[in-house]
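Asker: Sequence:
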Amino acid sequence: MIRVGRRARAVSAIGTASVLAVTLAACGSGGGGVEDTQADKGLPIAGVNVTYDPNTLVNDGKPIELEWWAWSHIEQFQAIADAYSEIHPNVTIKVVNQPWEDYWTKLPLELESDGGPAIFNVHNSQHDNLIARMEPYDIDAADLEADYTGAAAHVIDGETYYIDLGLMSGAIYYNTDMWEAAGLTDADIPTTWDEFREVAKKLTIREGGELRQAGFNFNGGAQAMQMGMAYQLGQNLFADDGSTPTVDNDANLEVINRFLDIYADGSGDANFGASGTESFGQGLSAMTYAWGWYSGTLTNDYPDVPWSAFQTPVPDAGETPYALDRYNGESTFGINANGTDAEKEVAQDFLRYYLTDEESVKELALSFSIFPAYKPIADDPAFAENPALAAFGDIERYIWPGPVPATFETSTATMWEEILYNGVAPEDALAAAQTAIEKDLDGKDFVAAENLYAFYAAN
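Mapping of the sequence shown onto the working numbering: position 246 corresponds to residue 246, and the numbering continues sequentially without gaps.
Wrong hints could be hidden among the right ones.
Claimed, not checked - Computed list of lysine-lysine pairs in DSS-like fashion (alpha-carbon distance at most 30 angstroms, straight line):
#1 Lys62 - Lys41
#2 Lys344 - Lys106
#3 Lys375 - Lys344
#4 Lys344 - Lys94
#5 Lys41 - Lys375
#6 Lys444 - Lys106
#7 Lys439 - Lys106
#8 Lys41 - Lys106
#9 Lys344 - Lys41
#10 Lys94 - Lys106
#11 Lys62 - Lys439
#12 Lys62 - Lys94
#13 Lys94 - Lys375
Hints are computed from structural coordinates only; laboratory data are not their basis.
Based on the sequences and whatever the hints tell you, model everything.
Answerer: Structural data, given as structure tokens:
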């Protein structure tokens with residue numbers, strides 16, 4: 001079992017990663033068009049099952065330059081590339097910042113040409129958009145699975161094109177000052193949804209019947225909870241064929257009514273701000289549900305908010321649910337299938353370096369607030385000190401449904417809007433969401449990865 005603590009105070013993980021990036025970059029930019037004539041660097045082989053031997057000549061020591069496209073953390077990725085170039089001075093890897101808004105339109109077009117980036121960061125929601133243009137990893141799939149949690153879920157016909165660098169899921173974020181003001185302590189952190197409902201009441205402040213402080217605010221984010229919390233009740237997103245969506249069912253209805261009951265208690269309100277996460281950041285809501293990315297938002301946009309996080313509650317005390325929540329992965333980079341043979345050779349070598357560089361993988365995980373998929377560093381104390389990561393329970397009890405088509409999130413978001421703002425009955429809104437998702441998936445070849453979950457049970 002891989003487990004981190006239930007809770008910890010906020011720390012400046014992103015600051016630590018930034019210092020590392022600057023330090024490495026200062027060591028030298030590497031590359032520079034020089035030849036490398038020294039194969040034996042006198043350096044140890046890194047890694048456990050996936051290994052990296054730095055004592056080689058890459059591209060026969062001849063100068064070569066590669067582009068690496070990314071949409072964030074540019075300095076940090078450049079520092080990793082520069083550290084590799086310190087070992088192989090004939091190789092220059094230039095990280096190019098491509099904004100997210102244009103990335104998924106521009107990248108596929110560039111990959112079709114002869115001049116696209118040799119390597120590029122991947123988001124699994126764009127799997128269908130990229131996979132035909134990606135070179136498979138030249139690493140045994142069994143070795144990847146031995147070192148990286150969830151790697152097996154990314155194997156396609158025996159080949160792997162990207163894996164999860166780390167895993168991100170949801171947690172309950174809470175304002176620690178509001179918590180203390182309500183007379184709550186660490187002992188009051190709820191483990192069940194019934195306990196959570198009572199805590200939300202204690203954190204709610206009303207003046208003359210008007211809501212001043214929401215105990216819990218899920219406005220604008222209920223769709224994220226919806227897809228994860230049905231798993232707690234044993235309900236998969238897909239039927240056992242992996243292709244038929246299963247949204248209109250009793251489990252999803254129970255999830256909807258659970259959160260509507262919290263608002264019915266007066267602990268929140270659909271009109272108390274359009275976004276629960278923004279309301280939390282503005283100091284108006286005591287608790288909200290969000291994924292790990294939110295810790296970065298709090299650090300950057302709301303630095304004065306005192307916060308921590310705890311594991312999402314479960315239906316029944318003392319019982320492990322089918323799954324605690326769903327997760328998604330922050331993906332490793334892809335390799336351009338249309339690159340030259342020399343580019344692909346260097347990219348494959350850099351890939352092994354990247355996957356076995358424990359310190360860089362650790363700092364990336366802390367920066368992205370993801371639980372590291374790299375098993376050799378999973379027990380590092382730094383992850384227990386990060387509240388967004390400490391909120392994880394048993395990582396093996398999170399389920400990845402696969403690169404789920406966007407219709408699930410957009411359709412369930414519409415469903416919640418209909419329920420909260422248009423008075424549509426939950427049963428009718430669920431049926432409409434089912435219909436919309438079925439229509440959007442019609443003709444697509446998507447097959448879920450739910451059956452790869454260690455505790456999978458067909459519905």
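Asker: Please write out, lowest number first, the hints stated earlier that are contradicted by the structure.
Answerer: 8 and 11
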